[in-house]
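Peer 1: Sequence:
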Amino acid sequence: MVTALSVQGLSVALGQAPPLLDQLSFDLARGERVGLVGASGSGKSLTAAALCGLLRPPLRVIHGSVQIDGEQVLDLTPKAWRKVRGRQIFQIFQSPSTALTPGRRIQYQLVETARLAGAEGPAAIASALDAVSLPPWVVDFFPYQLSGGMKQRVLIAMALILRPRLLIADEPTTGLDVLTEHEVLTALNRMADETGAALLFVSHDLRAVQEVANRVLVMDQGQLVDDAPISHLSASKSPAARALAAAAQALQGIC
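In the numbering used here, the protein residues as written are 7 to 261.
Any given hint might turn out to be false.
[What the hints assert, rightly or not] Label pairs and their computed distance ranges (CB to CB):
no., residue 1, residue 2, range
1, 221, 109, 34 to 44 angstroms
2, 14, 220, 31 to 41 angstroms
3, 124, 199, 13 to 23 angstroms
Calculated directly from the structure, the hints in this document are not laboratory data. Glycine is no exception: its CB is placed at the ideal position from the N, C-alpha and C atoms.
Hey, can you work out the whole structure from these sequences and the hints?
Peer 2: Pasting the structure below:
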């Protein structure tokens, strides 16, 4: 299997305390779409931050390796990481405003993205906005003037322009209504289809995960406790995996 991401024995700790992430190991093939699921506080977002080189002291990696397209990245300098983020690995955050410059119109930010990608600016921007179902006029707005779902789709449009090898979406649908959630998930699928990027979709919501992935990694208290198709979780040996499956089934019944 040709891997876009290979994680082996990854452990993260806060100072000298016991590990918050303990010996995580998993692979994503090129073009594969995988969910990273678990209850709040299980370590999902911390895992995403570690994979993107975004840990800050006193958080630190104490063991393990992370390879993106065969390149070891944990030992990269901050300058080298800035070259990896965007083209090789791109993260969409739960709060999209944190990734957009508040004092710059969307037009400027998309033009800068196209410049970094070496893409034909106007054509690349128009194509990316169309792919994520955003109207052309959004480029004239500042981030604070857009809804949460629109800002998420702006970030997905940026990923379409940059065409990364690996996209990490960290709780991108939290707080969105069901129609906007559907739009964001559709945009993620479109981005993965068009770029061939591997997708790691981080969420506590199996209902959202199953719209973009059929394989899931289940986390519980900083450890990976299962790696299986979503349809197999109800029969998992892990109580945490079975609990997630039961909650998702109950919510689907209510809806």
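Peer 1: Are the hints correct? Go through all of them and say.
Peer 2: Comparing the hints with the structure gives:
1. 221 x 109: 34 to 44 angstroms: 40 angstroms, holds
2. 14 x 220: 31 to 41 angstroms: 24 angstroms, violated
3. 124 x 199: 13 to 23 angstroms: About 22 angstroms separates the Cβ atoms of residue 124 and residue 199, which means 13 to 23 angstroms holds.
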